[in-house]
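**Student:** Residues per chain, in single letters:
Number of protein chains: 8
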Amino acid sequence: MNAEQLKDLLEKVKNGDFNIDEAMEKLRHLPFEDLGFAKIDHHRQIRCAFPEVIYCPGKTNQQIVEIFARLAKKGNNVLATRADKAQFEAVAAGGEFPSVRYEEAARMIVLEPKPQENSAGLIAIVTAGTADIPVASEAKVTAEMLGQRVELFCDVGVAGLHRLLGNIEALQKANVVIVVAGMEGALASVVGGLVDCPVIAVPTSVGYGASFEGLAALLAMLNSCAAGVTVVNIDNGFGAAYAASIINQRTEQKG
Amino acid sequence: MNAEQLKDLLEKVKNGDFNIDEAMEKLRHLPFEDLGFAKIDHHRQIRCAFPEVIYCPGKTNQQIVEIFARLAKKGNNVLATRADKAQFEAVAAGGEFPSVRYEEAARMIVLEPKPQENSAGLIAIVTAGTADIPVASEAKVTAEMLGQRVELFCDVGVAGLHRLLGNIEALQKANVVIVVAGMEGALASVVGGLVDCPVIAVPTSVGYGASFEGLAALLAMLNSCAAGVTVVNIDNGFGAAYAASIINQRTEQKG
Amino acid sequence: MNAEQLKDLLEKVKNGDFNIDEAMEKLRHLPFEDLGFAKIDHHRQIRCAFPEVIYCPGKTNQQIVEIFARLAKKGNNVLATRADKAQFEAVAAGGEFPSVRYEEAARMIVLEPKPQENSAGLIAIVTAGTADIPVASEAKVTAEMLGQRVELFCDVGVAGLHRLLGNIEALQKANVVIVVAGMEGALASVVGGLVDCPVIAVPTSVGYGASFEGLAALLAMLNSCAAGVTVVNIDNGFGAAYAASIINQRTEQKG
Amino acid sequence: MNAEQLKDLLEKVKNGDFNIDEAMEKLRHLPFEDLGFAKIDHHRQIRCAFPEVIYCPGKTNQQIVEIFARLAKKGNNVLATRADKAQFEAVAAGGEFPSVRYEEAARMIVLEPKPQENSAGLIAIVTAGTADIPVASEAKVTAEMLGQRVELFCDVGVAGLHRLLGNIEALQKANVVIVVAGMEGALASVVGGLVDCPVIAVPTSVGYGASFEGLAALLAMLNSCAAGVTVVNIDNGFGAAYAASIINQRTEQKG
Amino acid sequence: MNAEQLKDLLEKVKNGDFNIDEAMEKLRHLPFEDLGFAKIDHHRQIRCAFPEVIYCPGKTNQQIVEIFARLAKKGNNVLATRADKAQFEAVAAGGEFPSVRYEEAARMIVLEPKPQENSAGLIAIVTAGTADIPVASEAKVTAEMLGQRVELFCDVGVAGLHRLLGNIEALQKANVVIVVAGMEGALASVVGGLVDCPVIAVPTSVGYGASFEGLAALLAMLNSCAAGVTVVNIDNGFGAAYAASIINQRTEQKG
Amino acid sequence: MNAEQLKDLLEKVKNGDFNIDEAMEKLRHLPFEDLGFAKIDHHRQIRCAFPEVIYCPGKTNQQIVEIFARLAKKGNNVLATRADKAQFEAVAAGGEFPSVRYEEAARMIVLEPKPQENSAGLIAIVTAGTADIPVASEAKVTAEMLGQRVELFCDVGVAGLHRLLGNIEALQKANVVIVVAGMEGALASVVGGLVDCPVIAVPTSVGYGASFEGLAALLAMLNSCAAGVTVVNIDNGFGAAYAASIINQRTEQKG
Amino acid sequence: MNAEQLKDLLEKVKNGDFNIDEAMEKLRHLPFEDLGFAKIDHHRQIRCAFPEVIYCPGKTNQQIVEIFARLAKKGNNVLATRADKAQFEAVAAGGEFPSVRYEEAARMIVLEPKPQENSAGLIAIVTAGTADIPVASEAKVTAEMLGQRVELFCDVGVAGLHRLLGNIEALQKANVVIVVAGMEGALASVVGGLVDCPVIAVPTSVGYGASFEGLAALLAMLNSCAAGVTVVNIDNGFGAAYAASIINQRTEQKG
Amino acid sequence: MNAEQLKDLLEKVKNGDFNIDEAMEKLRHLPFEDLGFAKIDHHRQIRCAFPEVIYCPGKTNQQIVEIFARLAKKGNNVLATRADKAQFEAVAAGGEFPSVRYEEAARMIVLEPKPQENSAGLIAIVTAGTADIPVASEAKVTAEMLGQRVELFCDVGVAGLHRLLGNIEALQKANVVIVVAGMEGALASVVGGLVDCPVIAVPTSVGYGASFEGLAALLAMLNSCAAGVTVVNIDNGFGAAYAASIINQRTEQKG
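Chains A, B, C, D, E, F, G and H supply the protein sequences, listed in that same order. FYI, my numbering numbers position 127 of the first sequence as 127, with every residue one higher than the one before it. FYI, my numbering numbers position 184 of the second sequence as 184, with every residue one higher than the one before it. FYI, my numbering numbers position 253 of the third sequence as 253, with every residue one higher than the one before it. FYI, my numbering numbers position 236 of the fourth sequence as 236, with every residue one higher than the one before it. FYI, my numbering numbers position 47 of the fifth sequence as 47, with every residue one higher than the one before it. FYI, my numbering numbers position 175 of the sixth sequence as 175, with every residue one higher than the one before it. FYI, my numbering numbers position 123 of the seventh sequence as 123, with every residue one higher than the one before it. FYI, my numbering numbers position 78 of the eighth sequence as 78, with every residue one higher than the one before it.
The following block holds chain A by itself, in its conformation from the complex:
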């Protein structure tokens, strides 16, 4: 609840439009819907630019279905991340949302009732290897659901630098670049030194041994010698795309 709204509420109380108890109610109950096991934050889009998203792990199928339904009822696009096939089938079962679909590589459940108008600016997503594609897909689906224009560049890791250099011109047209890389995560630094827009680095758990499930790439990206690189959690394609979308949305298109 922002200051504007608080002021408005106080004025209504002063004018007698609300009595005290009504105001108390408003202050406490308005911005979310309480399902007991979850409190849905319908207010989020106003406060934080984009509507709430369902993170599936640790939720029962029944909980996912119910939250999904409440969000869908508002007419919003609905996105559920890290969903397995069974969770998708639970959501699709009732037949309530005929257009709901499962993005397999990205492991996402998607309901898109509103045609999205693509942002003029471009978000470029690059992956170091083919194995990083699932995380990149999560980023791509997320950004597209948030109305962004996205281009994907796969397998341009630094061991074959010419594969990256061959795409530099395209990358330099982007408003934001998301770099998705496992193993040593060096791609973030190299890209960060070649473009003049924000770079969001996503370490992935691709690798083995001393990659320690993505720790090596995470540390590398945090220590990037290229300024302008920021980092999200390991395998967090969603978070990177969300941040990229916030940035892209308000940025003027590159000439």
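It should be emphasised that the hints constitute simulated quantities derived from the structure, not laboratory data. This one's a predicted model, so the numbers in the text were calculated from it and none came from an experiment. Some hints here could point you the wrong way.
What the hints assert, rightly or not - Covered stretches of chain D, as calculated for chain C (at least 3 residues, CB under 8 Å):
id	region
1	129-135
2	149-158
3	203-213
C-beta: ideal position from N, C-alpha, C; glycine also.
With chain A's structure known, arrange chains B, C, D, E, F, G and H on it following the hints.
**Tutor:** Chains B, C, D, E, F, G and H only, in chain A's frame:
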């Protein structure tokens, strides 16, 4: 064996009520029952406020069944934690304890022969997300078995602060608050700054990547900038509830 | 700002006692005093039981002096933790607080203008070794400043169990026990199995090699097999005492 | 060297404006100046939006002085980070740069020959505590050197939530928010849930014990439950400000 | 090959009993039998007190069977550790070793053709909990195979100290005590302070969360405040028993 | 793209053999083949001595099949690492590569259309234990595919030093020695002190408990007191063999 | 207090030699001397074979002096570990103990009023390098103070295996071998495979980089492939010698 | 002692040239010189290609001086690593070695009595930044002392890729490339993908925060996606150069 009892024993020896060997026996064998693979601490309720509880992992079904039976024989409430369904079925199999039940979310086996008188004071349990509910359930069942009054507030994580603020009035009535949160575990600090009672923080393994199975939340809670927050092991709903119950039990009710 | 106060404020607005802008001001500025580099939370005592405390590391002498002065002006007891001698001298320099004193072992600056009425209940602080005394002292000074009755039991580590057992009767009279131990931190578990009150464990950085600056003791205490033990940060005597004081304050005295 | 320039170069070769060896020279030597121990990247401003910055640790005074001089010769603003007083004095010694200054809190050497036109958009920097101010200062000086408008909000950590809430209206006017926090780093998540612009989180090494020199805050921020938060290295105020400036520079001002 | 044998060999060369090539052969090939994938160290008993033991993980069934057969052929007792049921069945399949048996709790394959004469001295094995019994069983079977007298004390963890104290007299009769404990591993320190013989501590992976698969117990035991405690790898019941047997074997029996 | 080729390209542009756009095309597209999800680096053999190799984890069967086919089409040997049986079967399914085979121990798919001429120099691979053989096999198959002469010495770990010493003469004839060892990884140091050629150490994840999936061996090898030892990732038999092959290829044979 | 003594005490109570309160006193106060900041365990020699030792870090000079005096008063040998020169001088200052000496390499304060009769058996201490000598010295002084015969073998690390092999005959005569090694700690495994007596491994913090202050050596030693090796804390020469002395003391001399 | 020499020795024994005791002496004492605190391995050059080197940390000045003198006496080049100025002055003090010099950046003491003939092949050393120069200097001095031809390329880190690409032609002429990089260590992967010779990566402790003293660079290099990269310990310029020299020495020069 506390000092009182030791003094009493010594007096009996002096008076000739016990001979030396009997006294030695008493000192060694009285406070527990030895099953070979386990030594049941029937004395615990006197020494430590509450009776012993069975921690299931690493025990064979047969061991669990036998320990359960010995504890039940004393007429106590019996609680077995981190039990899977098969372990419950092993306990229930003989039909010896018709009222034994399985708390699925909490993964607990519960036998409650004695009606519990609820404490006047309130233990509030809050979770940051829906996925933290299983750990919160373990805490809730534990505290209720120990005779406490409990209220559960789910999904009030700090990313939607108004969900928490909408429940602050209720939380401020509690004698103890248990905060259950994974990911970055920030909820403990925020709650810790809003209430004047003890806060017990339970980090959960909810999260992925750099949450390192709950390490991120654990470290965050240990470093809480809000004084008055103490912490238990990752996913240890039982331990938090046990500590909260000890505190609540002797605390006068809040006005 | 709690619900009670919000309701009161709203009523004043309704009655015309406050106009909107005044109310906005109140809501925004009342509970803290802004020094630019710090926002002093004078409201804290009402909201969280005890007044704010100054954590010295990373603050300039000038900042400490100014915050100290503002807190002292309210007539409260003032406590500054992890202060070195130079920081104390900076505070004492002006001569404004003739009774200010430096607790050397505890590394605290203390100003105690109000005579404290000791709580009836007892907080027992036990240390595993002599080297743990500084952390225990921080806890002792803190609890005493918060008006608690404290008793200190030093050097009762588990390698000489009889030293602990010789003090068990005394410990069993406490309302809360704070266990301060470095190295393997085993004392927390042993004490936790011998008393029926809450045990707050403080791992210390006492040790070398694989103690990893207190990590060994921290992990041990988090994994305590004795239920009812909660843990605070390494060397955090202040936090343990703060939590113990909150508990002790509302607990009826032990018979 | 971007594609545009490569194309231009190729055209000059085709037209005979450059011979092959000249072109080879250009391709190899143009974009940096080689001092032996360092290769100064004068080209950086064109490629990456802002000129190169000197990272002082591990460099000898003589190396710093020489690099500083070369960058200054181009008429650019020059910034040297993590500089101690002695390094500043070495730079100032020759008297070559009369306007060079030392930013003590930020530990930076600054030369600002060109008046900076402040960006219309606002970068807000918030700190959890007073001890986080040095890192925030590094961010502030950096962003200002890059021509940004900056506002600083100190000591609004989550243990006194009202201090933050009292400044929310101001924060919501920013184009980018930089959150600087040590200990448990919870502030990033709370701010991330209250604003609709990008949030860049800077974990600091403020804390002790299980903060492990900033690791706790770093992990917390990477696991933030608030989408839209990205993270930089521990204590990396410079990097956060650099990324924020890139974003702010191309973003339309908020209404 | 020890010095004695080397001297003998040299004398044979001098006397012409061996020619140079024979001597070279001897020096290279005598002490082990080469199966290609494994080199069996039949010499080990002479050099290191006890015969070689088979560590099963990572070996194919066929490799285990073959190594087992070669060792058995020498008439020695054969021991295979960390064996699963299928590996046992592969060994038993041929019917070559009718007396071979599977120790289920200890996960060991055992062939004991030679009646073992038990050492006069006692090795006591104590476990903190019931879940530590498998590791203790590995230790027990190992020590017995090496001809030692062993007594097992289960579930005497420090949370119920009287269970341990009730067995102290028995423990004090041992020549070596092996302490097997997971979680916080405190039992090693407590036992170490109560007996005057060597204590070998075995941390186990029993626990969850911040036990980090036995790391907490391992660190605790390495930091034991009780002198005389040495430590082996997590869950290494075999290694502890092996070391204990070497010690016990040459130690005079306690009066 | 190396300098030679760049010079050549520039000359063609100058002479009018290529127009600018063709040159741009060449520069961007020549050195790899783009499959969308992967960019195959056919150029690698020229730039880096050996052709590209397929790392299977995280790739779909379809992706592996397609990349395999493209590499095979060039007539090269094709190698796919860390492949499971199902991935092999997918590749073999079409019948397109009748000679393709699956190396089970090494978990590799191998297609070897070109007879390899073995290098004159020898690469020796030694393993500490039998359980290290799979990693050693990956190294062996890799080196042989790259045309090297390889000899394998298994189970010569340092606990039975004579097994190693018995093979020292053979090892001293090698041009490169690859040491494959898990647990404490001591073999690398011992071998490093006995030979005068480069030693490449491969830590393996063989072990349990405090081996932490190969971390113990990795750290040991990095800290080897024997100069001349370099290290690759845990279980990275491929990488060790690749590096050894590069070295061996250009080294004159040992007398 | 052992069972024997308890029985005796009970008999005295029965016989009226002690009244109850006297018995209670005895039980509580007899076995240690309470200095407030320390409880001296004079009883330790009876219970644990050797008298108590002073660990200096974290103790004030005054505390060390006082504990030292109390222990000395009993006529025992007194040993203070990890003492710096200033601490020694504080102890020596009063002139009370004319024969007190400072062992510089070992950093120990030693008072040896009683001539020690050396044990017949030998404790061999071997170091991997010269830099490990201080830790070995701590072990040597400790063992000698405990009446053991000790021989020191320096700089026999595995990179020059012949240096070790040249001393094997001597090592094989020892009853216990203490291996002191930093860096990769491989020496413990090699020695463990060559002798038939207990090996106690002491990892040292000698090394840099990925030795992580001794962690590499610690992990290596815990994972030793040589059975019979047990491990103590990093740099814990005292602990190793203490355990070795307990073992050696009761072991018959080797022929 | 290699097999050749053993055979020779045996022949001498057979022929009566040596008696048994002499042979035993030879076998034990020949290959090293025992100073008590150190055993100098004069034999090393024969066994391991290059003479022994002195690692200074943890050695007293006196020990360094004595070892230095013994090595110098053999007429060899002498190298002491990680030496501080005081250690150099101790060595230089006696005036025994007038040509001894101190390499300040490399922190090495160097005595070079024999003119070195440079190898025909080239070792290229590249650093990511200026702060990596000390480690690179250690590598350079080492390799030159071992008779190698070395070229140094400083400050070519990946954030300004053109600085590296401008030197690629030169790098491609090397026989071995040593990559010295801190922070994220990405340079190793990029170089590894551009050259066809062995790449030895040296992570440095340059960086702060989540570089964790070089851990980030170390992990990155171990996980390099470029095959052919091997890794040495953090800051181990000596080790990298030693390995590179072994390789370079036997490699034919590149055309």
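**Student:** Indicate, hint by hint, whether the structure satisfies it.
**Tutor:** Hints and how they fare:
1. 129-135: Our answer is that it holds, as 6 residues pass the Cβ test (under 8 Å) against chain C, meeting three.
2. 149-158: holds (count 3)
3. 203-213: holds (count 5)
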